[in-house]
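**Q** Now for the letters of each chain:
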Amino acid sequence: MTFLLLFVIPAWVLAQDTTITGTITDTAGEPLVGATVVVAGQPEIGTSTDLNGEFTLNVESGDVLNVTFIGYRTQEVLVDDRTDYTIVLELDDQLLGELVVVGYGVQARSDLTGSIASISGDQIANQPVASIDAAMQGRASGVFVSSPSGTPGAGMTMNIRGQTSLSASSEPLYVIDGVPMISEDLSGLFSGGQATNSLADLNPNDIESIEILKDASATAIYGSRGANGVVVITTKRGRSDVATFGFNMYTGFQDITNKIDMHNSQEFLELMNDAARQDNRDIGTNYPEAYVSDFWGFDPSDPDLQNTRWYDEIFSTAPISNYELTASGGTDNTRYFTSFSYFDQEGVQEGTGFERISGRVNMDATATDWLDFGVNLTLNRTIQDRSINDNSLYGVVINSLAGDPLMPVYEEDGSYADPFNYFGWWMLDNPVLIANEYQRYTRTVRGLGTVFGEAGLADGLSLRTSLSIDYTNLDDEAYTPIISRESQNAQANGFGTFGTTQDFTWLIENYLSYINTFADQHSVNAVLGTSFQASNRSFSDIEAQGFPNDQFIKLSAASQVTVGESSGTSWGLASYFFRGNYVYDNRYLFTATGRLDGSSRFGEDFRYGFFPSGSVAWRMTNESFMQNQDIFSELKPRVSYGITGNQEGIGNFASRGLFGVSDYRAASTLVPSQLINRELTWESTRQLDVGLDVGLFDDRVTLSADYFIKTTDDLLLSRLIPGISGFSSVTDNIGKVENKGFEFDARGSILSGTEFSWSSSFNISFIRNTVLELEVNDQIISDSHILSEGQPIATFHLIHHEGVDPETGNMRWIDLNDDGIIDSGDRQTVGNAQPDFYGGWNNTFVYRGFDLNILFQFTYGNDIFNHSRASYENLGFNRLNPTTGAGFPLPDGNNHRLADDRWMEPGDVTDIPRASLTNTNWREYSSRWLEDGSYLRLKTLTLGYNFSPDFIDRFGMRNLRLYMQGQNLLTFTSYTGLDPEVNQNARNPLVAGSDFGTHPQLRTISFGINMEF
Amino acid sequence: MKKLFLALLTILTVFLMSCDILDTEPETSIDADEVLVDGASAQSILAGAYSRMQTTPYYGVHFTLSPDLAADNARYQGFFDSQLEVNSGTVPISNLWIETAWVDMYRVVNIANLLIAEVPDLDDPLFSEAARELVIGEAHAVRALAYFDLLRVFGYHFDMESEYGLPLLLEPIENNDFNLIPDLGRSSVADTYQQILDDLDTSISMTVGYVDNTVMSYWAAVALRARVNLYAQNYEAAYADADAVINSNEFALVNNVDNLFLTTNPTSESIFDLVFSDQDQSSIYTFAFQRDEYNVDPSLTEAIEEGDDRAGLFIFTRGSDRPAKWSDSNNANNVKVLRLAEMYLIRSEAAVFDNDDPNAGLDDLNEIRNRAGLGDAGPFDDLDEYVDALLQERRIEFHYEGHRFFDIVRLDRLDEILGREDFRKAFPIPRDELQISQNLVQNPNYPTQ
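Chains as they are written, first to last, in our numbering: chain A, 82 to 1094; chain B, 62 to 510.
Just so you know, the hints here were simulated from the structure itself, not pulled from any lab data.
Everything hinted at is true.
A few chain A residues that don't get close to chain B, going by computed Cβ distances all over 10 Å:
id: 1; residue: 289
id: 2; residue: 358
id: 3; residue: 600
id: 4; residue: 839
Taking beta-carbon pairs under 7 Å as the criterion, some of the chain B residues facing chain A (in silico):
id: 5; residue: 108
id: 6; residue: 109
id: 7; residue: 112
id: 8; residue: 113
Values in this document were obtained by computation on a predicted structure and should not be read as measured data.
All C-beta atoms, glycine included, are put in the ideal place defined by N, C-alpha and C.
Bound conformation, chain B alone (with noise of 0.2 Å):
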């Protein structure tokens, strides 16, 4: 009797004991299913979007710092065969930054389509239309710009008539299911740009007055329009909407370049920083700098004017010139994504180009050299000339901001400039992508397995 009633009080202890141990919860992460469930939680799903704006392979290094190495402003010395590769314009379709980057971009792209979808049906009585609208807006313009980086470096953004866009996610992923994600084709480039610019006409109908240099809102949304359009060649609205920019009067140039970029807060010239600190670092300082990695070509250096300030923009040790921009030892400086610039520039561009006239720019062109303590440029004999002074201005301006990989494949120089062949304008589609696409297509010339 003795021994039975110990044997049973021994596995009674061991159910009371062990029921449950089945059922443990993660401390730090919450379910997919339940994390939208309130104004509050779409609030912070929102900053999540540019909290993955921030990895290394998108605006955190690589997509921030990966169009100066592919063109002439950057050279690598450094361990990581990918950044080589990106750096020789020979890049396989097995390159990892690459692979990484369509994967993080998408990843942005997602999470608007999750707010979009789900914002408007949330059953949150405190949550209201006005502040809704500002969320789903919001996430309209988050999805317009990683959409628009991601057809900057996969798609034939130069090419309006051509069939290399991108595949278009517009809906959450159902369930969080990974069979259920759709196997999508490429749209056109037309089809991409539209959907790019319907994003921004919708985000910019839902923000009128949002302002805010630190996401993005109202007047950088206008600014990315200005910019997709100038890519689009449609000189009319991207004047225009630089125009706008400009004359908002919510901006104005930083009068010394040194104040500009020696400072991780924003400045009266920021439409858009991405936001980075001591507490939330990028690693661009860590490449740049501490590790040596992203060089200073000098071809760059070289190539700035007498008496340029910007030519104080660079500090010399270990061997190399290295870019003051990135120079905060925390990785605190922030990623200049949109700036007024790059409107005055856009604003000098589009007039020359709408008018065919190589003159028609130049008060914008010279607005950005004076500040930099030089003196005019022009005027232009032809086009061309227009063009050599315009990109060696957005050189010298926009270096190691990602602008001249792109600048240069959109003025299509790439040949003249790096020599390179025509294909290499767009990088190619990730091999681990095609591998698991039936629907996916590559870029010409570029091996498919």
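Chain A with its partners taken away, still in its complex shape (with noise of 0.2 Å):
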């Protein structure tokens, strides 16, 4: 008994003596909230950290802690004789990168069971191009960003894992630090169908990353904005540090990517003289020879012609520039990031432009032992510089499309030339007058604020409170000058527009927070909490014309005001949200989650909406099994499936029945304006996500491959209903959408040599989009466009046609209602504006202090509707009179060079009919326009040196970068028009993938430096 006594007893006063207390921090200094604090062999005795990096525990003299954090190196501390314990992490250099910013908390990418892809803000910092968007072109799988016009400040294309909905919105949520934002165009200056980027009111270079949410698993927790996929975008932070500033900069050059090679003066009137010869000899008329030159009054051989190229008056080089100043930096109980960034860039085209001025501040404080707060706010001013463009009549590129050579730019007396003084009907106003003397501006104010504040309640638990604001103040500001042609023709002696648009959205969101792990086998992750989000809107526009001359733009200086209009709208949406995570054994790992969304769109009875999801994940490598090779550092099968909302696009009050206010003899009515719909809710998208994550040789390289099959319910779609109601459509939940693919993502280091190194990442995406089931097959969308069950969104109906009969050199039209006339009736299916795969090839080489990035992009297999070659591939028809082409010939205007290949003699086999003057071969909405769009692009390539800490030491520097990069420096494509990367209306995806005067994408050349002190 004694002997067992001595035994017994020492342990039991030990165990019962040890408290011990301490704090977990970084390498900074930084305490680590939550990080798990473990005895060795005892998984019963353990705790976590509080918001001060601290914890207490009861222990033994001799037993081992385990201290492990998410992203950090596990340690192994003895307990001895100390009762205060001062523990520092190390970040683990194979997990570093590998924390993931998810909806509402952070998970390490080990953990994940659903599909995110991260873009670090490295990656897309410093680029030239105004907004984030544009910079993750090619860098994510299953992301397909566009960018439909090259204008300054123009809207992009964003849709993760394919198009889900047929009405206006397939864009993601774009979440930033937590707020939800508004992404949405807010002007409402018309501008031919390419809108605004709200997201170029952000400073790319203050992100410090950039999640993109895929699967069901991790956006449902976005609930009934989740359907499109979600952006979490997180902003940098200080920490516990000196101070440190920065100061980068980047200058550079834009030109066009290609310009259109288009006849000179003399091969104009030779192809409009051919044009009566191959009529005469195939229709019969009687046309002399040199028939249109000596009517218009011209010798082509005359070496004095006049020859105009109207792209090189319209576009020239330009410049953009960034200049940014940062300093972030901290104390234990306060840390700040700060950033003033001025960017400008000054449009390739006339009249066009982008500037952005913004600041930022991102504090964090740590108040007590439990609780910390801190406050984010960006403050930024854009002024976006606009010409009118795309399909519109006084749009810059469109007016030069076929501009005629004969008509200079100025008269002698340095007035702007007038093109009704001219041969080409398609100029409708001199183009280099509207890109110079219009006047069109957007400006906006925006600030997005938040103030939030962390409790600690009990270990492992928080709570998360935070209060945002997003506010823009938006101007539009037009003048169309007096001596336009659209001023003169409306006799209105110029007339301005100026018009506001104020944006309030705020955001309250309350979340506890749960961290703990069990017998250090069960490790929980939990978060559950509420949001409430709500947006007013206010509009106003003043129209007004009558102006004394053009130095005024301001409507004060008008004599008449012909529009005067306010008008507001709101929408609110409150909501409540779960998630859990629970990882067993680290091999086996769940995720549940859940959000209820109401929202004010809805009928009453539809108001409220539940998003669940689940996901399971196997991380193989931690069996017993595969312990024993060392091949596979991750072998990770998992499988999610989710239900997702979609509600944007729709009217705030799609759902009421409502009338309206117009006016008749100037007093005010009351006009039907919708019919109610009270069963109105939103889209919902079941998602099957099955993928696998691998990691070979110890995570050198990884692969990352996802199959999933997205199938959109209840579209908000126009739904057509008889027009004896007096209305066309009401906005209903029909139709079925499906998207399904293959996404493929594999990253690696190829060598990584002391002084050399080469890693190389690559992605590619298979979307299939098709729709399922419509209320009515068949809907013509556009004079170009089919909505078809069975086929894609954006799927072009055209008039067909089987190329050109060689021996006649006449088009061979497909008669299709075999009417005997080729007309709207005749169109049908011929393609669509899907992409059959896309992807990005990403390389960065390192070499001493050297680094060299290269980023390749390609999109495959889309087909665009090249319109504007109706234009300058008229081949000489002449417009005044169609059918005959007799009387006054005045074609649309000039022709490209392709026409060189068309139909001359018997015998030629070319795809390029004879000219005429007749429309015998023109048929505007054709598939003779229809090409392939399918394109490669050295998107971006940047070579910078980093001078080594020993030199830039002395100038109490601790880094200096100095680079030089391209963009869209070549691409190769069989496309004519001016760029692949082409979209005439960026805000209907239902009528996608046509060029029509479309601004071309830059090529961008730029030198920058980076300095840190």
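With the hints in hand, could you dock these two chains into one complex?
**A** Here is the structure:
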């Protein structure tokens, strides 16, 4: 007995007596909140650190503490006679960058069960683009980014895993530092189909990381707004460290990626004469030789012919620069990051440009041992100098399309030449006049601010509260000058517009987080919270005309106000959400998520929707049978399924039966404006994702592959209703769209020597979009597009042909309805704007201080309706008398040089028909202009040099880098238009893929410097 | 304790601030079931019917100009297929104009239906019986106008035996619920005419003494009944109505045609002007002048006789004649839906056909010619010669006012003048409507899908 007691008592005494405390920090002295401290071998004895990184635990001397925290190396600490421990955890290099920001929290990538792509801030910083979405192109699988127009500050198109919606929005939800931001175009200025980009309000260099939530497991926490995927943006924060000051700048030049090679005046006249000659042969007309040039009074061989090259007149090289100052640092209790930047992009097209001044302050404070709080604030001003472009009568590019080379830009007296005195029907006004003299600006002031507090309530349990405001004040100003044809035709003496949009959105969120590990085997990470968001928006618009001269553009100078109106709208969203992650033994991972959303947009009984998801993953490499191999460092199959929603793209009051106001005889009247749909509710998307994450050779190579099927039901869509009701449609939940596809990501360190290294990443996505069900099939959406079951969104519906007849040189149009007339009744489905696959390939080479980054980006298999060719491949067709060609020969204008390949003599085999003064071979909405839009592009090439620390230390610098960068340097494509990355109507996905006078993409070469003190 | 307090405080604040965020109200609209509540709102809704007549597919541009574009008065030079198709006389069932016109015209019908159904039972003691009669009466005339315009575009208005009339919706849509829109088939042409005439009779009986040349008041209803009876070939009735308007002493021909058209105000000749102003613009100037789209067909100006004052109603610019009738650059010219000159020509035509005498309507025809500075026409040897002269007179007098195509059709000259097949006398029922209706029948020879 005594013998036994001797053994037992000391142990018992020790266990009773030792209560230790400790602080766990990172190497910078920053406390680590929620780090786990467990006694090895006794998983029931453990705790996690509080908000100050502190813990208290009863232990025995000689115990070993296992201290773990995601993203850091686990440390083992022997309990000795000390009672207070300071434990410093080092970042785990292998896991570095593997912390992933998810909705309402952070997770280790290894613990993820869903599909999330990450882009680090470094990858997108300092690129010569206005907005972050532009910088994301080609960098993640499943993420299709396209710039519909090269206009500075123009909106981008992004869709994640295909287009889920037929109504206006398949754009993802953008969440910046936890705030779902207003990302739509708030401008009311007519611009011909192109949106402004409210993401350009953010300074891309402020961004620490971007996470793209793709599958339902990841997005369901955003419920009714998660169906299009979520882009989670995290901005930079300060660390407890000495103050660091940074200066970054770049400056460079931009040019368009491609110009259309047009005929000169001599060739223009010769083609017109050829058209008459060909008509003589084919339809028996009797035009004399040199008919058109004589008619117009020119001699094609005259060496002194006016020869205007319109593209050269409207495009020129333009500068782009960015300057930025940053400061960051902090003490144990207060940490800060601030930045101030100025971005200035002049457009390559006269009359365009984009400027941004932005400032940011992110502050964090540790107030008490259980309370942290902080503030994020960004305030900025943008000025977009815009011209009208794309599909509009007075666009700059569109009016240049078939520009008559015989027409000068200026007359001899210095005034702008008037196209109505020359020989192109197409040009409605001198494009140089439009570019120079029209004034159009959109200016915004935007503030995005959050105040948050985080309180530790108990071990592992904390409450976070935040209040955020997203405020935009936008004004649009436009002036159409007296000398313009538009004003002259309207006899308006100049007209001006001034409009404002104010959006005030607030958000209050509260959520509890609980992180703990039980018995060393059961890890739990749970979130439960509420979110309330509401938005008020007001608009005004004044239009006036009658200006004294073109020096004044403010409306107070106008003699007559023609429009004065104001209005407003609002919406609200009340939400309750939950997420639980459970990991058993670091092998089996489970996640369940749910969000209950109530939206003001829907009918009272259909207001609330519940969006659940669930997922599982298996970390096979942690199984015992995988321990005796060193190939796989990670092998993780995962499956997720869930439902998310979409409520964007419809009116705030789409479910109501409404009367609006209008007027008659200068009195206000009430008019029915919409029928009721009480049962209106969100679109819901069910998504199944099966994925596999693979890490090879200590994660030197990582692979990730996902297959998904995304089915969207209850599409918010205009439903055709009998017109006898006085309405053609109501917004209703009808139809079904499917996106299924395969995504593949690979990244790896191919060579990693001390002096030279090469790392590479590649991604590719194959996505099939199919409209499964419609209320009414085969809906003709526009003159070029149709919506049909079994076809993808943005399917082309055009008059089709069987090539050029080698005997006559005429188009062999297909008379689908056999009525002897080729007209809109003969249109058929001929292709679509959806790519078969797209992706990117990024390479980074480092040699000593040099680094070289090369990003290729590609898209394959989409068609483009090159509507512009209908104008500059008119081949002589006479607009004044299209059927016979007789009378004054007035073509659209000049032709591009590819018209040299046209049919000239019997037996010629070509796909471009003979010239003709008639419209025999010309149909505006025909597949003659349908082209393959595939391309491969050298998107960015950056060469940098980092000076050695020894060298720059002498100047008190920590970091000095010089670099040069090229953007869109090379494009490989068979597309004959200005640029294959194009979309004439960025606002409507149903009619995507047309090119009609669209501003081309830009090639930029810039030089930059990054300094850190 | 402190922590708990803070947490509770936070949660409380959240609920206080957010309890009503889901109850939002539109700021420039009003719920449809709360809109018609008293006399004032009834008047506003009635005025709204005219506002809906002003839309671009209806009188605001296309319905006013398309009948000239579809015939030989206008030539299209522009970007839009829909107008090009109207111009070429081959209107497919997917034509954008017919699709939108159908809906916009029926919207006016629905506004009238609402007033006719609900004004009698409105609980507003200040809304007198007499005032209600006027509102209801005017609503009947508005409905008649919209149905007659629909009939002229989409129905076989020229054939009283035909089944191809209109779907006749005479009640408001129940609860404004799209699920409750009835799926109506087409009534016969005779029944459609009967409905239009019944509406006009009702209107006329309820609005005696109501004079206002900018709405469908008493005389506008009588004048419209004259036109409807003329189309229906009820010549005696047409004569009587036109005669009543002419002899009412409310209207007088404007002596100088320039004064008739180069104004933005109603004139002494206006029976019903749909009023536009610089604050409430049509888009007719925009299309006819600014955008160079509805150019005057040279055959129209060539057809004008020597010495006709109406030859001055064209402005030559940018390579084409344009209609001076629409030359106010603020789009403020009124659309002259019904004017006195038409009553003279109706009385003339009705007299001729009623009496089977080509010279029975000579005075009225010449009244219009004389006003334009021309000498007398006639006498005519036969009816055919009279119809030629009538069509010529109507063409010159009413160019760009929405008559030409319908005149050619009802006087059966489609093949002769425009060289078109008979089935093109009516435009097709729009494709969208056929797709969603089980009962709607397409006009003969047009595709059904």
